[in-house]
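S.K.: Okay, here's what each chain looks like letter by letter:
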Amino acid sequence: MKGRGLLPTARAAVAAWSLAGSLAGSLLGSLIGGLAGDQALAGTAGGPPAFAPPPDSEIPNDRFGEVVRQGERIFRDPARYAAAFVGNGLHCSNCHLDAGRLAGASPMWAAYVAYPAWRSKNGHVNSFEERLQGCFRYSMNGKVPPLGDPVLVALEAYSFFLARGAPVGAEMAGRGFPKLPPPQQPADRARGAAVYGQRCAACHGAQGEGRSSGGQVLFPALWGAQSYNWGAGMGSVDHAASFIRANMPLGQGGTLSVQQAWDVATYVDSQVRPQDPRFTGDVARTRAAYHNSPFSLYGTVADGALLGDPATTPPFATVPAAPAAPLVPTARSR
Amino acid sequence: MSRASQDKPGCCPAGRGTARSRKCGVLAVALLAALLGAPAPKTTATAAPTPPAAAPASAGEGRDIMLHGAAPGRAGCAACHGTDAAGQPDLGIPRLAGLSAAYLEQQLGFFATGSRRNVIMAPYARALDPGQRRAVAHYVASLPVPAEPDRTAPLQAAAARGRVLFAHGAAQQAVIACAQCHGAAALGVPGFSPGLAGQSAPYLADELREWQSGGERDPAGQMMHSVSVHLSDGEIEDVSAYLSGLRRTGPGDEPAAGPGAASGAAAAASGAASEAAPGAGR
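Residue numbers (my numbering), protein chains in the order written: chain A, 1 to 334; chain B, 1 to 282.
Looking at chain B on its own, in the form it has when it is part of the complex (with noise of 0.2 Å):
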């Protein structure tokens, strides 16, 4: 009934864009090559980064999890969405470094249970029990944000239009600014929003089409459903463009639009800290 039951890897339901097309050839790539144990077609050559010292106790564990998998057969998460946690952005896998261990945990007990409907990651979220499930969302959290993920840069007009829905939203036809509930900054607020600066443009819009179709969401986040039913197909693919385009800066600052905007790796690093703490000293 909902469009979301389509969703099965391997199917792409006809006729949808070439994004959710790319995804999922990528994914069954991607999956394939973990179950071979091959390490997943990423562009960006990254050492899976060493947990910082403050990381709970069970960082060891959630660490083998997201590298290995917590059972045979069952790929680590780090088969698609990297060893660094940065997705694949292109392909409409998110990037997970980044957003906070609280968040990562309740999306995977929503797989889990099915509240969030998503074929993919269901068996691998159910494969896990919730200590895992907290063990691998506390470790992906205390990874740095990577510098820069691979992608291309997004269209300046669609990103220019998306920037004005982000920050204003359009009120004569009922949408909220996106700022409101994410921050200006698009970092997302602690306990209530995910960030999404920096996020991939069409796991974006995916998700923006999927809160629209009515399916199986997110509890937490229903609020999507009635913004995302105002919103155009041309809207959609302009805020995620805007949205992927945001670089994660220092605490507090304004997010730079655009690449080349911000110098990357020392910028890129302390964004993890400004998710714990966003707008810390300003």
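Pulled out of the complex, with its shape left as it was, chain A reads as follows (with noise of 0.2 Å):
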């Protein structure tokens, strides 16, 4: 693989950057042939998804609805009720949209029968609720919830009551972010930084620090210490630019031009975020291990700075010491 590699100069990252532009266009293509058309912005300027979730008015009102209630308010704001866990200023919702119900952003309905199912990441089969420790884990950059704890519970209620009457098994439309087309022009950061600039940065914020009123975050940091850690889905560039394209400006999805998608998503996956959690001690050889894809940034010089570098890069799990008692009782308190 191309692009593979610590790159000790920007001017380098530049040039091995477009290269991997290059082959990740004839990846892509490869990959994806037909199926863009059809699937491009089916959560936004498509035809309605095939599959519709329950809406909230029919989870029950029994003991198993209180849980799926409780999988929805964590789901809506983690911070909140499953302190422990989360290390940063993320909602399970600002990317799974509309509270994991929209098509063309992840839906839970979608995931929730696809597994049980091996995964490249770790090598094996995973169970949902293994998955759902990934999302703790990196994109949360907090701690994970051990297998059976009432968070993980409520999360996969929640799922499984959006899921009802979804085929098992079955890869369903609208499933995780629409495939996107490759760039007419190698990605690049700086028109990203002009996109970011004239798209992104009212909400949020010129440094990617996100926005927030009393303590209540409404728009997500994109990077630094309280965003999505070096080893998460949303760090590659190819699901940041899916993602943007399909969903991004929020309300918006599908103004962005395939390249400004890419463009944009460069910009924001070559900035300083927390640290992967499966940090070897090497920034060189943790690229090598994790992160050997033209889609990921991490090992890369940018903007003068080593992406990765410990002396500049944020810790993982930062979850807070004494987390604030629920305002509500939790599941897991009960």
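Any given hint could turn out to be false.
FRET-style restraints, in silico, Cβ to Cβ [unchecked claim]: (1) P123(B) <-> D309(A): 54 to 64 Å; (2) G191(B) <-> N61(A): 34 to 44 Å; (3) T113(B) <-> G165(A): 50 to 60 Å; (4) F64(A) <-> T113(B): 55 to 65 Å.
Pulled a few chain B residues facing chain A out of the computed Cβ check, cut under 10 Å [said to hold, decoys possible]: (5) L165; (6) H168; (7) Q180; (8) L187.
Hints are computed from structural coordinates only; laboratory data are not their basis. Here a beta-carbon is modelled for each residue, glycine too, at the ideal position from N, C-alpha and C.
Dock chain one against chain two, each of which comes alone in its own frame, and use the hints as you go.
M.R.: And the structure:
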């Protein structure tokens, strides 16, 4: 694979990234073929998805329904309802839009029926609960709830509820993010910075810091200590570009061009963010082991900084030492 | 070309909602009354509150503009918005008390330049120089939030539908949750979005329809156009009804919906503080 290895200078990084972009193009082109046209923007501009999750009003008013509701609370505000496991300001619903309902934004109803599944990320068959653990470890830059923990059970119950009537094991339309065609030109960080300033910064902040009010996060941080860490799926430029093209700016999905989506994803995913929890102690070795992809910029140099450098990279798993007591009883405390 | 260009005082477009018609009529009355030097037809008899000690040095000037206007023949803001800046919610005249000074000053500037088109506000805003706009904005922002604006209770069913739209949006039709930018309690975010809790329902509905129409609007809020075009007429009424029924409560409290759900003066008085630091103490 080209694009592998630690790159010593910004110039080399740009050259390699151009190469990576071309490589990405050919890879994507061969992988997705004619699917792109059918699946692009399934969550926004396309036709209605084949599957419609049940509305909240159909959550049963019984002991099971209580846990489903708790799962939705956690999903919408994990730092409040699952504080012991969350290390940043993100909500599950920041990426799984409409609280896990929206096709094209990794809906939970499509994920629920896709597990157990083998994952290349860890090389074994994962249960749905183990997949949820990955979100806490990477996307939430937090600590992993043990299997069977009430937080995981509540999230599983909520996902199960959303998937009511979905075919088990079927690859459902609307799962994940719509595949994105490769960019016409290699993705470019500087062009991405301009797109970011025009279309993203108003809500996510000029420095990617997000926007909060009164301790409540309104818009998530896209980089820095309060964002996802280097192990998260969103840290992969192809994932981020697909999500952005289909869903961003919020409520205006599909308004950025394919090229703009690749460019701005490259800009966002070449910023400082918390360390990969699998960090081996060496950036080059960590890249070789876990970021051996043209879509990861970990271990490359951007804007003069080595991405993943322990000297400048915030730590992983920064769960607050004494999380605030939940404002309502959580499943965990019952 | 834009619908806003048809809006002239006393010249309501035919076929529009009753709220606007009533609003225009009352505005004409209010303006006339103001020109004659009479107090605006407000049903709440409230003395002009004294500004807090921390008010800026221009508080006196701002108070004079609020109550008496800045130029002969130009009534003060109080003529329509009330001496307590509570507005006339049922008539679509917005409440100003509780909004931040920065927001008020910014919007006055937009009215003056025409970038936010409003034929009633424009001449008043243009009559003020930037320093006067700042002074009156600071004065109005220093006023306590009125205990309970004179308004009728919103329809419960509409407010219930509006609550869902406000809190969660309607992702399938690309409507993002209002709470995303205006905060879960609709208190607004300083420097980013205005507070909406307790605002006049006819005013909010009119504003949403103006955003839909794509006319000249507050350039700082262009996001509102892309949201509002996905809203149905019914959804606009629903969310406006919900917001008008919210009270501004103590810092960090969840707003209580509906009349009688929160105690009046004390909770409202602390609302001004919650605008300055929403969620403080949480």
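S.K.: Next step is simple, just say for each hint if it's right about the structure.
M.R.: Hint-by-hint comparison with the structure:
1. P123(B) <-> D309(A): 54 to 64 Å: 59 Å, holds
2. G191(B) <-> N61(A): 34 to 44 Å: Holds, at about 42 Å.
3. T113(B) <-> G165(A): 50 to 60 Å: Because 55 Å falls inside the window, the suggested range holds.
4. F64(A) <-> T113(B): 55 to 65 Å: 58 Å, holds
5. L165: 13 Å, violated
6. H168: At about 7 Å, which falls below the 10 Å cut-off, the nearest Cβ of chain A leaves the hint on H168(B) intact, so it holds.
7. Q180: With a closest approach of 6 Å, the Q180(B) hint holds.
8. L187: Status holds, d = 8 Å.
In this structure, the one hint that does not hold is number 5.
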